[in-house]
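**Q** With these hints in hand, go ahead and build the complete structure from the sequences.
What follows is each chain in one-letter form.
Protein chains: 2
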Amino acid sequence: MTTIATDETRSLIASDKVEGTAVFNRAGERLGTVSRFMVDKRSGKVDYAVLSFGGLFGLGRDHYPLPWNVLTYDTHRGGYVVDLDPKVLENAPRYAEEREPAFDERYGRELYTYYGIAWPY
Amino acid sequence: MTTIATDETRSLIASDKVEGTAVFNRAGERLGTVSRFMVDKRSGKVDYAVLSFGGLFGLGRDHYPLPWNVLTYDTHRGGYVVDLDPKVLENAPRYAEEREPAFDERYGRELYTYYGIAWPY
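Residue numbers (my numbering), protein chains in the order written: chain A, 33 to 153; chain B, 33 to 153.
Incorrect hints may have been included.
One copy or any two copies: either way a pair holds, since identical chains are not told apart in the list.
[To be verified] List time: in silico SDA-like cross-link candidates among lysine to any residue, alpha-carbon distance up to 25 Å: (1) Lys119 / Thr104; (2) Lys77 / Gly92; (3) Lys73 / Trp100; (4) Lys77 / Tyr147; (5) Lys73 / His108; (6) Lys49 / Trp100; (7) Lys77 / Gly148; (8) Lys73 / Gly60; (9) Lys119 / Asp48.
Note that these hints are calculated values from the structure, not bench results.
In this text the structure is predicted, and so the values were computed from the model without any measurement.
**A** Now the structure itself:
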């Protein structure tokens, strides 16, 4: 109880609590975890949450950058739910461990378009 | 070089890279580190960066929640700079390790007012 009260208030969540949190699909299957998220230094806005899975000790893992608002926190499951068609996730932009993209505006626009979300910048 | 390129792009920074980053004052003195930051779950906006210092192995540490835009990243120093009068920081709202505040709207308004920043919600 105390941990929940201190780490997560009604509308705020601590950065170190987001990292490592499980991500589920609509069917309740565990897809992976949020490994990190990317914050715009000037605006302080979270642009991407990175969903990661697979691999052993971080080797060979796949990373899916997701627009923040694709994720919904589900208190019942204790993790985030990605309410997307399995086919959408199957074909989603991803990168391998050592091949992180530039995360520039072009990449952002393409990613947000893929998920049908307006690029907010 | 590779680490910088992958963890921090021109305008984005990885959450796990913010945590543990040093914070300096105007004079270049090391104040402490960013222990975590608080993200609004709905908007994905960073409300507070928590500057922490003192204590041994996390015991007896003091925590100063700061509005995100009080911090400026200084590539030269490799950390954040808090451009505030020492007296302002000396009297700033803080909390002890086991006494995290509620981070509700009232707390937010008081904190932002203390730092002379308009409450953005």
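**Q** Indicate which option fits the pair Lys73, Gly60 if close means a Cα-Cα distance not exceeding 25 Å: within, between, both or neither.
**A** The answer is between: 21 Å across copies meets 25 Å, while 34 Å in one copy does not.
**Q** With identical chains treated as interchangeable, where does the CA-CA distance between Lys49 and Trp100 reach 25 Å or less: within a copy, between copies, both, or neither?
**A** both (15 Å within a copy, 18 Å between copies)
**Q** Within a copy, between copies, both or neither: which one fits Lys77 and Tyr147 at a CA-CA cutoff of 25 Å?
**A** For Lys77 and Tyr147, the Cα distance is within 25 Å both inside one copy (18 Å) and across copies (20 Å).
**Q** Between the shortest in-copy and the shortest cross-copy C-alpha distance, which are at most 25 Å for Lys77 and Gly92: within, between, both, or neither?
**A** Neither. Shortest intra-copy (29 Å) and inter-copy (31 Å) distances fail the 25 Å Cα cut-off.
**Q** Should Lys77 paired with Gly148 be assigned to within, between, both, or neither, using CA atoms and 25 Å as the limit?
**A** both (19 Å within a copy, 20 Å between copies)
**Q** Can you give me the call for Lys73 and His108, within, between, both or neither, at a CA distance of at most 25 Å?
**A** between (32 Å within a copy, 16 Å between copies)
**Q** If the cutoff is 25 Å on CA atoms, where do Lys119 and Asp48 land: within, between, both or neither? Let me know, please.
**A** neither (30 Å within a copy, 30 Å between copies)
**Q** Evaluate Lys73 and Trp100 at a C-alpha cut-off of 25 Å and name the case that applies: within, between, both or neither.
**A** Both: 16 Å inside a chain and 9 Å across chains, each within 25 Å.
**Q** When no copy is named, should Lys119 and Thr104 be tagged within, between, both, or neither for a Cα gap of at most 25 Å?
**A** Intra 19 Å, inter 41 Å, cutoff 25 Å: intra-copy only.
Consistency with the previously given hints fails for numbers 2, 9, ordered from lowest to highest.
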